[in-house]
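*Asks:* Chains as they are written, first to last, in this note's numbering: chain X, 6 to 138; chain B, 3 to 126; chain V, 505 to 885.
In short, the hints are calculated from the structure, not lab data. As the structure is a prediction and not an experimental result, all values here were calculated from the model. Cβ coordinates follow ideal geometry from the N, Cα and C atoms, glycine included. No false leads were mixed into what you were given.
Partial chain X-side listing against chain B, Cβ under 7 angstroms, derived:
1) T38
2) L43
3) A45
4) S49
Listed next, with one range per pair, are the computed distances between beta-carbon atoms:
5) D70/X to L867/V: 45 to 51 angstroms
6) L8/B to E15/X: 33 to 39 angstroms
7) E119/B to R786/V: 31 to 37 angstroms
Listed here are the chains, written in short residue letters.
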Amino acid sequence: MLPETCVAIERDTDIVTARQKGRELAAATGFSTTDQTLVATAISEMARNIVTHAERGEIVLVALDDSGRRGIMVVARDEGPGIADAELAMKDGYSTANSLGVGLPGARRLMDEFHLASTLGKGTTVTMKKWVR
Amino acid sequence: MPVPILKQGDVLIASIQAALSDKDLAQLRDDLADRVGRFRIRGLVLDLTALDVLDSFATRMIRSIVYTSKLRGAETVVVGIQPDVAFAMVQLGLALDGVATALDLEDGLAILRRGIEGGNAGAA
Amino acid sequence: MFSRFRVVRPEMRVLLMSGCTGEPIRKSVVGSEFAFIQKPLRPDLLCEGVREVLGMERETKQMVEELSRGAASASNGIPHGVGRKAQTPHLRPEEQAAMKEFWALYEPHTKVVDDELRRACEEMPEFAPILRAMTEEQMAEQNRRGRALQSGAILEGRWEAYLTDLRDQGKQYAGMGITFTAWFELISAFRSVLQRRVLATHENPRRAALASEGMNRFLDIAMAGIGEAYVEAKQEIILGQQQAIRELSTPVLQVRDRLLIIPLVGVLDTHRARQLTETALRAVREKRARCIVMDITGVPIVDSKVANHLLQTVSAARLMGATVIVTGLSAEVAQSLVALGIDLERLATVGDLQGGLEEAEKLLGYRVIQASDANRIAPSS
Numbered sequence: 006m007l008p009e010t011c012v013a014i015e016r017d018t019d020i021v022t023a024r025q026k027g028r029e030l031a032a033a034t035g036f037s038t039t040d041q042t043l044v045a046t047a048i049s050e051m052a053r054n055i056v057t058h059a060e061r062g063e064i065v066l067v068a069l070d071d072s073g074r075r076g077i078m079v080v081a082r083d084e085g086p087g088i089a090d091a092e093l094a095m096k097d098g099y100s101t102a103n104s105l106g107v108g109l110p111g112a113r114r115l116m117d118e119f120h121l122a123s124t125l126g127k128g129t130t131v132t133m134k135k136w137v138r
Numbered sequence: 003m004p005v006p007i008l009k010q011g012d013v014l015i016a017s018i019q020a021a022l023s024d025k026d027l028a029q030l031r032d033d034l035a036d037r038v039g040r041f042r043i044r045g046l047v048l049d050l051t052a053l054d055v056l057d058s059f060a061t062r063m064i065r066s067i068v069y070t071s072k073l074r075g076a077e078t079v080v081v082g083i084q085p086d087v088a089f090a091m092v093q094l095g096l097a098l099d100g101v102a103t104a105l106d107l108e109d110g111l112a113i114l115r116r117g118i119e120g121g122n123a124g125a126a
Numbered sequence: 505m506f507s508r509f510r511v512v513r514p515e516m517r518v519l520l521m522s523g524c525t526g527e528p529i530r531k532s533v534v535g536s537e538f539a540f541i542q543k544p545l546r547p548d549l550l551c552e553g554v555r556e557v558l559g560m561e562r563e564t565k566q567m568v569e570e571l572s573r574g575a576a577s578a579s580n581g582i583p584h585g586v587g588r589k590a591q592t593p594h595l596r597p598e599e600q601a602a603m604k605e606f607w608a609l610y611e612p613h614t615k616v617v618d619d620e621l622r623r624a625c626e627e628m629p630e631f632a633p634i635l636r637a638m639t640e641e642q643m644a645e646q647n648r649r650g651r652a653l654q655s656g657a658i659l660e661g662r663w664e665a666y667l668t669d670l671r672d673q674g675k676q677y678a679g680m681g682i683t684f685t686a687w688f689e690l691i692s693a694f695r696s697v698l699q700r701r702v703l704a705t706h707e708n709p710r711r712a713a714l715a716s717e718g719m720n721r722f723l724d725i726a727m728a729g730i731g732e733a734y735v736e737a738k739q740e741i742i743l744g745q746q747q748a749i750r751e752l753s754t755p756v757l758q759v760r761d762r763l764l765i766i767p768l769v770g771v772l773d774t775h776r777a778r779q780l781t782e783t784a785l786r787a788v789r790e791k792r793a794r795c796i797v798m799d800i801t802g803v804p805i806v807d808s809k810v811a812n813h814l815l816q817t818v819s820a821a822r823l824m825g826a827t828v829i830v831t832g833l834s835a836e837v838a839q840s841l842v843a844l845g846i847d848l849e850r851l852a853t854v855g856d857l858q859g860g861l862e863e864a865e866k867l868l869g870y871r872v873i874q875a876s877d878a879n880r881i882a883p884s885s
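Starting from the given sequences, assemble the full structure and let the hints guide the process.
*Replies:* This is how it looks when you write it as structure tokens:
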């Protein structure tokens with residue numbers, strides 16, 4: 006298993022691929038099964054956001070090693086319309102396009118570190134990290 | 003990939019086998035709606051034992067299935083949600099309020115039976 | 505020097521000691537955050553100063569509070585320091601020269617100093633028993649070894665070896681129950697002996713003064729090392745106790761078919777709450793539980809965070825078809841939680857464990873009757 010994997014996200018079946026690869030990498034990194042599910046779920050949400058809002062993008066999975074501390078980084082990026090109000094998007098309950106509104110703030114709860122960068126008209130990049138306990 | 007749907011009298015059992023794509027889930031919802039109507043189904047067991055991730059979309063679909071079935075006269079019990087998955091759902095903030103749940107197929111069927119025989123199913 | 509100390513070890517308490525009464529010292533000390541003691545030292549004043557500055561007990565209590573409140577951060581934030589290597593101190597050339605001068609003046613008198621120090625130790629209640637348990641050879645060997653490490657550090661800059669050894673000693677003695685104050689008294693005695701036997705009697709006062717500076721700098725470094733070892737030792741103990749408590753704290757008891765009891769004791773922080781949820785959910789699957797009675801009588805603080813943790817456990821268990829009944833939530837706490845806006849409706853609570861069990865049994869369709877009554881009651885359908 007390479008320490009870095011890139012999954013193109015264009016259709017709904019790619020969401021499943023991304024989260025399966027995410028689970029594999031998480032397992033290889035040494036995460037507990039519970040944490041593997043959290044990672045896979047977060048990936049699923051981010052991948053779905055790409056499909057729903059941007060039509061296409063990619064999920065990059067990277068194994069992390071910070072002087073012995075192991076973890077995983079998930080980068081979800083697209084060149085879609087971008088998020089107009091990042092702060093609003095991160096609030097629980099805010100929803101667009103029929104979602105339950107849990108996407109971004111929910112995913113943040115599942116991971117340890119979460120960073121959102123978005124420019125209107127240019128695209129969105131979400132970077133998330135989780136560390137093995 | 004179609005989901006196997008068993009019929010036991012007036013109860014349907016749908017065991018979701020593998021990681022279903024969004025289209026598959028939507029398809030399942032339509033299939034179930036169709037059969038519940040056609041065969042006068044009184045109860046539906048949705049077995050999620052094999053699902054390793056239940057995200058917001060899947061949760062929405064499940065709610066949709068439950069709602070549609072109810073409209074057509076069937077009560078639904080969702081069974082088999084795994085500990086990890088339940089944990090992730092709760093962290094994510096997903097809820098299945100108003101949806102009856104049970105540990106496994108056996109319990110799910112028992113609940114449906116009681117409900118059907120008693121006149122209404124035991125919703126949570 | 506001390507401001508650099510502060511940068512490296514912001515939490516280290518500093519007690520300044522100086523024989524100088526000159527302006528430069530006064531200027532730098534007045535208005536600073538350091539405590540200051542004028543030399544010549546009196547042991548009792550010194551100990552008082554140390555106790556005050558270190559506030560060891562306070563620090564430990566704070567640490568315990570912090571750790572029990574934030575066990576999660578303890579596992580991925582606070583540097584444990586356990587097994588961390590001793591850091592070489594930053595020494596200016598003049599400090600190094602002063603220390604070398606100290607060593608030069610000290611070396612010819614080691615025997616005398618050893619003897620005097622030993623006599624002083626024999627009068628210290630904490631060290632006396634240790635001394636008594638050692639043979640002459642063992643003592644001589646320990647002194648020799650200690651001096652080799654000290655000279656290695658002072659003359660050759662091999663600080664790591666010396667400080668690591670000091671830390672190990674510190675940890676060992678901490679484990680034996682020797683107080684940090686006792687160490688301070690020991691170093692103080694050492695300083696005192698050196699002052700009397702070596703420095704005060706030297707014919708060259710200039711050299712003696714420089715050596716004095718070097719001695720103090722050296723002993724301060726040593727004290728810092730031992731202090732650190734003590735703090736680390738305490739942290740280790742606390743973390744160990746935490747772990748033990750955690751292991752004790754989430755027992756899952758099966759009282760009936762499909763009915764579990766989880767009695768919770770202790771602070772429920774985020775980390776423990778996660779563990780609790782995971783344990784409970786796994787138990788639901790493994791024991792096929794349909795009902796869990798979670799008793800929180802032993803949880804001292806039930807604030808909105810704890811309530812939310814419990815709510816999460818309840819929601820997650822419900823997804824698996826299990827009902828969680830929370831017992832042991834006092835009326836006052838319940839009221840304050842409602843006032844905070846927590847929706848207690850979803851947290852099915854019953855007064856005490858007994859009530860909770862009865863509720864659970866009802867839910868599961870059990871009816872409990874006493875054997876003597878059973879004969880008189882017609883069998884139910």
